[in-house]
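S.K.: Top to bottom, those sequences are chains Y and X. Sequential numbering from 1 applies to the first sequence in the working numbering. Sequential numbering from 1 applies to the second sequence in the working numbering.
For the record, the hints were derived by calculation from the structure and aren't laboratory data. Misleading hints may appear alongside valid ones.
[Said to hold, decoys possible] Cut-off 25 Å, straight-line C-alpha distance, at most; resulting in silico cross-link-like pairs (BS3-like, lysine-lysine): (1) X:Lys261 x X:Lys235; (2) Y:Lys47 x Y:Lys106; (3) X:Lys24 x X:Lys117; (4) Y:Lys271 x Y:Lys106; (5) Y:Lys292 x X:Lys160; (6) Y:Lys292 x Y:Lys271; (7) Y:Lys271 x Y:Lys286; (8) X:Lys235 x Y:Lys275; (9) X:Lys262 x X:Lys295; (10) Y:Lys275 x Y:Lys264; (11) X:Lys295 x X:Lys24; (12) Y:Lys271 x X:Lys235; (13) Y:Lys292 x X:Lys235; (14) X:Lys160 x X:Lys197; (15) Y:Lys292 x X:Lys197; (16) X:Lys197 x Y:Lys286.
[Unchecked claim] Simulated restraints on C-beta separations: (17) Y:Lys252 x X:Glu225: 38 to 48 Å; (18) X:Thr297 x Y:Ile26: 29 to 39 Å; (19) Y:Gly220 x X:Ile198: 21 to 31 Å; (20) X:Asp2 x Y:Tyr161: 50 to 60 Å; (21) Y:Asp279 x X:Gln229: 48 to 58 Å.
Quick reminder that beta carbons are idealized off the backbone N, C-alpha and C, glycines included.
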Amino acid sequence: MVYFGPQTNKSEVLDMIIIGENIHVIAQAVSTAMRERNAKVIQDLTKAQTEAGADYIDLNVGPMKKDTEETMQWLVSTVQGATDLQLSIDTLNPVAMEAGLKACQKRPLLNSASGKTTSKEQMLPLAKKYNCNVVISVMTDKGMPPDVESKVDSIMGTVEYANELGIPNEDIWVDPILLPISTAGEGQRFTVLNLEFIKILGDVLPGVKSTVGLSNTSNGVPDQLRPLLNRTYLVMLGRNGLYSAIADPLDKELMSLIKGEIPKIIELIHKTMDKEDIDLSALSQKQVEYVKTARVLMGETLYSDAWLES
Amino acid sequence: MDYKAPVEAYTGVVREVTIGKGNKSLRIGGENTLPLHFFDQGSNPNPVKFALEVLDMKPEDWPEHAVEPFRDVISDPVSWAKKCQSFGVDAVSLFLMSTDPAVKDGPADKAAELARKVAEAINVPLIVYGSGDEKKDVEVLSKVAEVCDGMNLLIGPVLKENYEAVGRAILDHGHTAIAQSPLDINLLKELNVKLSKIFPPDRIVIDPLSSALGYGMEYSFSLIERVKQIGVITKDSMTMMPIIANLGVECWKTKQAKENKKQGLLWEGMTALSLLLAGANIIVLRHPETLKLIKETIGAR
Numbered sequence: 001m002v003y004f005g006p007q008t009n010k011s012e013v014l015d016m017i018i019i020g021e022n023i024h025v026i027a028q029a030v031s032t033a034m035r036e037r038n039a040k041v042i043q044d045l046t047k048a049q050t051e052a053g054a055d056y057i058d059l060n061v062g063p064m065k066k067d068t069e070e071t072m073q074w075l076v077s078t079v080q081g082a083t084d085l086q087l088s089i090d091t092l093n094p095v096a097m098e099a100g101l102k103a104c105q106k107r108p109l110l111n112s113a114s115g116k117t118t119s120k121e122q123m124l125p126l127a128k129k130y131n132c133n134v135v136i137s138v139m140t141d142k143g144m145p146p147d148v149e150s151k152v153d154s155i156m157g158t159v160e161y162a163n164e165l166g167i168p169n170e171d172i173w174v175d176p177i178l179l180p181i182s183t184a185g186e187g188q189r190f191t192v193l194n195l196e197f198i199k200i201l202g203d204v205l206p207g208v209k210s211t212v213g214l215s216n217t218s219n220g221v222p223d224q225l226r227p228l229l230n231r232t233y234l235v236m237l238g239r240n241g242l243y244s245a246i247a248d249p250l251d252k253e254l255m256s257l258i259k260g261e262i263p264k265i266i267e268l269i270h271k272t273m274d275k276e277d278i279d280l281s282a283l284s285q286k287q288v289e290y291v292k293t294a295r296v297l298m299g300e301t302l303y304s305d306a307w308l309e310s
Numbered sequence: 001m002d003y004k005a006p007v008e009a010y011t012g013v014v015r016e017v018t019i020g021k022g023n024k025s026l027r028i029g030g031e032n033t034l035p036l037h038f039f040d041q042g043s044n045p046n047p048v049k050f051a052l053e054v055l056d057m058k059p060e061d062w063p064e065h066a067v068e069p070f071r072d073v074i075s076d077p078v079s080w081a082k083k084c085q086s087f088g089v090d091a092v093s094l095f096l097m098s099t100d101p102a103v104k105d106g107p108a109d110k111a112a113e114l115a116r117k118v119a120e121a122i123n124v125p126l127i128v129y130g131s132g133d134e135k136k137d138v139e140v141l142s143k144v145a146e147v148c149d150g151m152n153l154l155i156g157p158v159l160k161e162n163y164e165a166v167g168r169a170i171l172d173h174g175h176t177a178i179a180q181s182p183l184d185i186n187l188l189k190e191l192n193v194k195l196s197k198i199f200p201p202d203r204i205v206i207d208p209l210s211s212a213l214g215y216g217m218e219y220s221f222s223l224i225e226r227v228k229q230i231g232v233i234t235k236d237s238m239t240m241m242p243i244i245a246n247l248g249v250e251c252w253k254t255k256q257a258k259e260n261k262k263q264g265l266l267w268e269g270m271t272a273l274s275l276l277l278a279g280a281n282i283i284v285l286r287h288p289e290t291l292k293l294i295k296e297t298i299g300a301r
């Protein structure tokens, strides 16, 4: 495992794989377009994300109870008509999943499986059958593991199960599951422990990759402040070795950060993580905001919606 | 080899807040250690203080055994407040309940006049709680602040929804504020951050909401404990304020406290004892015998 200590430069975040999150059934325009088979809406979103530099296009279709197979085939071929990127099929419905995987021309990402019994029995075999990459979350039948140790225990169990099915570590993208930082009391604790989890993951499961649903972190936070939390956390997770993230490629500043176009901000976030003394008065307002945000995400200061104001 | 127990020295100091004026004044907070950490460095210059409740109207839902100590003064808030003093209180807490639009919707100026009379009649500081109606309290608490100009009452609740107007009035007339948020440390901090922009933080007391034993007390306990830890250990300026535990009203709502006197005293007493162990700096009780019980318990340490 590569240790990304204080001496490393920005290059480690340059390799971050971005899975574009914008085709999401919760978005009204997307769900309407899927129902009405409006290819233009879907293809516009696909092109926009492709041009913005996404590496994968996520198709989050929800449970998809009606016309499952036909809708999946239509959606996948519509998206493939507008991009050469690989797809991430994002559903908990195994029928929709198989239909989606089957329709993919390039090697897809199964998003996602978990340690729950139903998922192990229905999703993981699909990953083997279609020889694809697979996101596996730390969730088990017992629910969400509450600390780093139990997250490690859970994921090791599930990865071992996947290995026995013939899925190698290299095809597994571990998802620690991000929770909103604004959740009273607990949210910030999870933000901190997920940083730690990503940092040790490569040691406990050599070869596995990792991913997160980045925007979850800022769920419940005032809209105008969400991108700042997402961007800062991505840089922090990237430094700890995160391989990929489901995120918004249309956030220009986020993409600039991971392309290494704003090295000063990355350096400041790293310094904050190393608890170096930082003279805030010498920084621009934007730089100060990144430092304050990093301090909140690493648990150095208590979160509140007014975190930039104090 | 001799064992030497490690001693922690903390860097955060809870702000010392003064309420009342002159010989009627009282200091709360000021500690730079955690509650009960007698083994660590630091001290608590102002051990926990106690207030008793007075209502601005004859209480309607109090059980007989809660009314009993104040039966002769129950319709007269001024005499009631004076009687509280005979039980050895550090402060009196007046609840302007009748101003609540859902109760009597009483006028602000009448309530403010009563607050002034009570404050003048007693020789301990006065705490004034509005009804908690975010709109009506703007009117009521602003009027109280104005009519009691310069008396440095402890006035609240100042809420996220009305902190600008209420905070401004409390500040302009030389009082101290109770910042109240609903059992959530993130919201608590947010309110303190926002209020502190227009109001000196050394005149803010935190009311985190105090739930009764069996009705969520453990949430209040954990929250108070956490506020103290974050203030004293990590030196978070926006949680380094003293805490008021206004618990009498919550305890005496319970079926258990209403059922019989002994149970009521113990219910209120256990809640008070727990929250003072968590780190509350001033506690508002309803029953004078609970006050006696708690003081004896602390004295026996």
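S.K.: Please go over all the hints and tell whether each is borne out by the structure.
M.R.: Taking the hints in turn, this is what the structure says about them:
1. Of the pairs offered as hints, the one joining Lys261 (chain X) and Lys235 (chain X) is violated, with about 42 Å between alpha carbons and a cut-off of 25 Å exceeded.
2. Between Lys47 (chain Y) and Lys106 (chain Y), the direct Cα distance comes to roughly 17 Å. Compliance with the 25 Å bound is thereby established for this hinted pair.
3. At most 25 Å may separate the alpha-carbon atoms for a hinted pair to count; Lys24 (chain X) and Lys117 (chain X) meet this at roughly 15 Å.
4. A distance of roughly 40 Å separates the Cα atoms of Lys271 (chain Y) and Lys106 (chain Y); the hinted pair therefore is violated under the 25 Å criterion.
5. Our distance criterion of 25 Å between C-alpha atoms is met by Lys292 (chain Y) and Lys160 (chain X), whose separation comes to about 23 Å.
6. For the suggested pair Lys292 (chain Y) and Lys271 (chain Y), the alpha carbons sit about 12 Å apart, so the restraint of at most 25 Å is met.
7. Taking the CA atoms of Lys271 (chain Y) and Lys286 (chain Y), the gap is about 16 Å. The hint holds against a cut of 25 Å.
8. A C-alpha spacing of about 15 Å is found between Lys235 (chain X) and Lys275 (chain Y), which places the hinted pair at or below 25 Å, so the restraint holds.
9. For the hint pairing Lys262 (chain X) with Lys295 (chain X), the CA-to-CA distance comes to about 17 Å; that is within 25 Å, so the pair holds.
10. A threshold of 25 Å between alpha carbons decides the hint, and for Lys275 (chain Y) with Lys264 (chain Y) the separation of about 16 Å falls inside it, so the pair holds.
11. A hinted pair counts as satisfied when its Cα atoms are at most 25 Å apart, and Lys295 (chain X) with Lys24 (chain X) qualifies at roughly 21 Å.
12. A distance of roughly 21 Å separates the Cα atoms of Lys271 (chain Y) and Lys235 (chain X); the hinted pair therefore holds under the 25 Å criterion.
13. This hinted pair checks out: Lys292 (chain Y) and Lys235 (chain X) have alpha carbons roughly 15 Å apart, not beyond 25 Å.
14. Distance check on the hinted pair: Lys160 (chain X) and Lys197 (chain X) sit about 13 Å apart at the alpha-carbon level, within 25 Å; holds.
15. Restraint check for Lys292 (chain Y) and Lys197 (chain X): the C-alpha separation of about 18 Å stays at or below 25 Å, so the hint holds.
16. For a cut-off of 25 Å, the pair hint linking Lys197 (chain X) to Lys286 (chain Y) stands: about 21 Å separates their Cα positions.
17. Taking the beta carbon of each, Lys252 (chain Y) and Glu225 (chain X) are about 43 Å apart, inside 38 to 48 Å as hinted.
18. The hinted range of 29 to 39 Å is not satisfied by Thr297 (chain X) and Ile26 (chain Y), whose Cβ atoms lie roughly 54 Å apart.
19. Take Gly220 (chain Y) and Ile198 (chain X): their Cβ atoms lie about 26 Å apart, and the range 21 to 31 Å holds.
20. Between Asp2 (chain X) and Tyr161 (chain Y) the beta carbon distance is about 53 Å. The supplied range of 50 to 60 Å therefore holds.
21. Between Asp279 (chain Y) and Gln229 (chain X), the C-beta spacing of about 28 Å breaks the proposed range 48 to 58 Å.
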